[in-house]
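Asks: Line by line, the protein sequences are chains A, B, C and D.
Heads up, the first sequence is in my numbering, so the first residue is 185 and it goes up one at a time.
Heads up, the second sequence is in my numbering, so the first residue is 61 and it goes up one at a time.
Heads up, the third sequence is in my numbering, so the first residue is 257 and it goes up one at a time.
Heads up, the fourth sequence is in my numbering, so the first residue is 49 and it goes up one at a time.
Heads up, some of the hints might be wrong.
Unchecked claim - In silico EDC-like cross-links for lysine to aspartate or glutamate, where the CA-CA straight-line distance does not exceed 16 Å: (1) B:Lys-270 - D:Asp-78; (2) A:Lys-197 - C:Asp-452; (3) C:Lys-278 - A:Glu-367; (4) B:Lys-162 - B:Asp-172; (5) B:Lys-200 - C:Glu-258; (6) A:Lys-219 - A:Glu-209; (7) A:Lys-257 - A:Asp-239.
Stated by the list, open to error - Covered stretches of chain A, as calculated for chain C (at least 3 residues, CB under 8 Å): (8) 231-244; (9) 351-361.
Since the hints were derived computationally from the structure, they do not count as laboratory data.
Quantities reported herein were computed from a predicted structural model and do not represent experimental measurements.
C-beta atoms are modelled at their ideal positions from N, C-alpha and C, and glycine is treated no differently.
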Amino acid sequence: MGPNGAGKTTLLKCLATLLQPSDGEGTVCGFDLRKEGDAIRERVGLVTVRGYVYDDLTAEENLRFSARMSGLKLGADEYRAALARVGLERVAEQRVRTFSTGMRKRVVLAQLRIRPLELALLDEPYAGLDTQGMALVDEFVREFRDEGTTVIIASHQAGEATRAAEQTLILNDGKLSPMDHDEAARSHLSFESLGAGEG
Amino acid sequence: MTSKSGLANVIGIAALALFLVGSFVGLFVVPADGMQGDIQRLMYVHVPAAWLAFMSFFVVFLMSVLYLIQRDLRWDRVAQSSAEIGVVFTVLTLALGSMWGKPTWGVWWTWDPRLTTTAIMLAIYVGYLAIRSFADDPDKRARWAAIVGIIGFANVPIVYLSVIWWRTLHQPPSSPRSVSPEILWTLMFNLAAFTVIYVYLMMRRIRLAKLEGELEQRMAYHG
Amino acid sequence: MELLRRAWTIVWKDLLIEARTKQAFNAMVFFAALVLFIFSFALGPDTELLQQVSGGLLWVGIAFTGILSLNRTYQSEETSGGIEGLRVYPGDPRAIFLGKLFGNIIILLAVEMVLFPAAAVLFQIQLLPHALELAGVAILGTIGFSIVGTFYAALTVNLRAREVMLPLLLFPALIPMLLGAVNATTLIVVGDPMLDSGIWIRLLVTFDVIFFVISLWIFPIALEE
Amino acid sequence: MDNLGFIVAGYSLTWATLLWYAWRTNRRLDLAARALSELTESSDGSTDGYTADAPPA
Numbered sequence: 185m186g187p188n189g190a191g192k193t194t195l196l197k198c199l200a201t202l203l204q205p206s207d208g209e210g211t212v213c214g215f216d217l218r219k220e221g222d223a224i225r226e227r228v229g230l231v232t233v234r235g236y237v238y239d240d241l242t243a244e245e246n247l248r249f250s251a252r253m254s255g256l257k258l259g260a261d262e263y264r265a266a267l268a269r270v271g272l273e274r275v276a277e278q279r280v281r282t283f284s285t286g287m288r289k290r291v292v293l294a295q296l297r298i299r300p301l302e303l304a305l306l307d308e309p310y311a312g313l314d315t316q317g318m319a320l321v322d323e324f325v326r327e328f329r330d331e332g333t334t335v336i337i338a339s340h341q342a343g344e345a346t347r348a349a350e351q352t353l354i355l356n357d358g359k360l361s362p363m364d365h366d367e368a369a370r371s372h373l374s375f376e377s378l379g380a381g382e383g
Numbered sequence: 061m062t063s064k065s066g067l068a069n070v071i072g073i074a075a076l077a078l079f080l081v082g083s084f085v086g087l088f089v090v091p092a093d094g095m096q097g098d099i100q101r102l103m104y105v106h107v108p109a110a111w112l113a114f115m116s117f118f119v120v121f122l123m124s125v126l127y128l129i130q131r132d133l134r135w136d137r138v139a140q141s142s143a144e145i146g147v148v149f150t151v152l153t154l155a156l157g158s159m160w161g162k163p164t165w166g167v168w169w170t171w172d173p174r175l176t177t178t179a180i181m182l183a184i185y186v187g188y189l190a191i192r193s194f195a196d197d198p199d200k201r202a203r204w205a206a207i208v209g210i211i212g213f214a215n216v217p218i219v220y221l222s223v224i225w226w227r228t229l230h231q232p233p234s235s236p237r238s239v240s241p242e243i244l245w246t247l248m249f250n251l252a253a254f255t256v257i258y259v260y261l262m263m264r265r266i267r268l269a270k271l272e273g274e275l276e277q278r279m280a281y282h283g
Numbered sequence: 257m258e259l260l261r262r263a264w265t266i267v268w269k270d271l272l273i274e275a276r277t278k279q280a281f282n283a284m285v286f287f288a289a290l291v292l293f294i295f296s297f298a299l300g301p302d303t304e305l306l307q308q309v310s311g312g313l314l315w316v317g318i319a320f321t322g323i324l325s326l327n328r329t330y331q332s333e334e335t336s337g338g339i340e341g342l343r344v345y346p347g348d349p350r351a352i353f354l355g356k357l358f359g360n361i362i363i364l365l366a367v368e369m370v371l372f373p374a375a376a377v378l379f380q381i382q383l384l385p386h387a388l389e390l391a392g393v394a395i396l397g398t399i400g401f402s403i404v405g406t407f408y409a410a411l412t413v414n415l416r417a418r419e420v421m422l423p424l425l426l427f428p429a430l431i432p433m434l435l436g437a438v439n440a441t442t443l444i445v446v447g448d449p450m451l452d453s454g455i456w457i458r459l460l461v462t463f464d465v466i467f468f469v470i471s472l473w474i475f476p477i478a479l480e481e
Numbered sequence: 049m050d051n052l053g054f055i056v057a058g059y060s061l062t063w064a065t066l067l068w069y070a071w072r073t074n075r076r077l078d079l080a081a082r083a084l085s086e087l088t089e090s091s092d093g094s095t096d097g098y099t100a101d102a103p104p105a
């Protein structure tokens, strides 16, 4: 949890090996952040606010593309099932250009869910989703947890950050500090009013 | 006078002296070339300039590889400096080449393999300096420049080879005549003088790059 | 191999998008025809002259048309969240280079399928008797152009002055390829008594191999954020 | 000495170019050093000795 510009997205992109940390070392899923990027990317899934979705491809083609790029060999029915899972089976053949942000986000969630992961990085996952969509995210997070996949959710809304989480951390001004989860959950305030005071 | 600038100034004066002597010998002392006559005296500035241009870009190549391996901006500063100095030498080489060509072949420009390659080399390293000016982040700038520095340099021999094939298919290559020892010595002397000039310019230009780097950092910090 | 499979997936995606939108292909064919038309118009009715320089005109047309497709190499990525969208996947990032390279080669060759016949008509040159050799030179030249082009397109994609930087970096590097392709094409079309075209084809092959190795080696560094 | 014009032009161009570039680099060096010392002066009050030649102690 942290205000806009605290570095949430940067941190997640570093973990996903998209950004080279300027200095210092680190490991993700046990692999060295700088040298073993390949192994990390095998195990880590990243969902950004906009997601990486091609407007001129249909929902199913987008899913097929990201699955094959992740090294999966799946059949058409598995793609259909994955789309059904996010409620897009009726629009599977339509181009994503015609989708609303909520529907587009569901394609991104399907792309994430279809891959076996050890770590899922979700940057503002609830943004643009209706209540049903949000419930879907919660469901996915619980499923990931049951499968032993670590999930990191980044959000500036305290409510969103804590609703499916078991542990809460505050990222402010580049520093990451633990915070009592229950207090954060109860707060239901957006981060600006909550954390700004302490500075 | 602190030690660093002292050394630079000493080298600067040495460069000045060497080139003075080299020019004097090249112009008045050494006998003119039998065939070409006095115009051949331009060789004592044209050839060293061409050699230094090539050497500068070789330094850019080395520093670019070093930077990509160690990611230390020091190498990038040396590459940047050597590229800028290299471009100066290349422009000089081309100008002197056409000055030599006009009386000898009657034209300001000939598609002589060496001249053509030098012109293309100039375009490559203008591209190198251009990509540096379009990148704001120092690390990205250094990385992109290093890539252009490496690929650009790998391109030079290929260009030279292809241009030679292109020219020799049409006009027999000029056969290298035996050069008298005096001419050779004068050329070598001027080459040494040019190299010392290069070293001096590099010391100053690298220092400038260092200060500009710090300035950029502080500006970003204060900005 | 996994690398080639992933590269092919990118080619599949790009060709699918191109087939649907046809943005690149139409623009390129129109531009190429325009360039050739202007050349033949400018050089006038003297067919003898036109035939002599047809190789040069053809390859200048291909090079400038190719620049259009290079500028759009990462277009689909730019409108869908940036190149990092491809870098987030596992596997060697070189798959991206290979995918985009094959894509560019295929598109450019497709345009050349239109370009060569158009040149035959406009410049009154006989292509059919030498179709095989010309195809070989065209393919070798297109590969060389696409290798250097795709690499520099990746390097300059997030640069401010990309439209200036791409040609500025590209053309000096292309000189050997252009020399080889132009001379080989001209010799084939006009007549090649001493089989000089062999030298130029060897130059094209060396150029392709050298730049393929260098580009593949350095590409991941060019992509780093 | 025939072609004197070209020879003199060649040598003087070489001298002019090299001297100009050395002068330009040194001038830019002084400007950068002065700018840096002004910056350090304004920020922490002490001029930590930025000169065109030596790095600060």
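Asks: So, for every hint listed, does it hold in this structure?
Replies: Right, here's what the structure says about each hint:
1. Of the supplied pair hints, the one linking Lys-270 (chain B) and Asp-78 (chain D) holds, its CA atoms being roughly 13 Å apart against a limit of 16 Å.
2. With a C-alpha separation of about 54 Å, the suggested pairing of Lys-197 (chain A) with Asp-452 (chain C) is violated against the 16 Å cut-off.
3. Restraint check for Lys-278 (chain C) and Glu-367 (chain A): not satisfied, since their Cα atoms lie roughly 55 Å apart, outside the 16 Å limit.
4. Our distance criterion of 16 Å between C-alpha atoms is met by Lys-162 (chain B) and Asp-172 (chain B), whose separation comes to about 13 Å.
5. For a cut-off of 16 Å, the pair hint linking Lys-200 (chain B) to Glu-258 (chain C) is broken: about 30 Å separates their Cα positions.
6. Only pairs whose Cα atoms come within 16 Å are accepted, and Lys-219 (chain A) paired with Glu-209 (chain A) is accepted, the gap being roughly 10 Å.
7. For a cut-off of 16 Å, the pair hint linking Lys-257 (chain A) to Asp-239 (chain A) is broken: about 23 Å separates their Cα positions.
8. Look at the region 231-244 of chain A against chain C: 9 of its residues bring a Cβ nearer than 8 Å to a Cβ of that chain, three or more, so the hint holds.
9. Proximity of the region 351-361 of chain A to chain C, defined as three or more residues with a beta carbon under 8 Å from a beta carbon of that chain, is not established by the 0 residues found.
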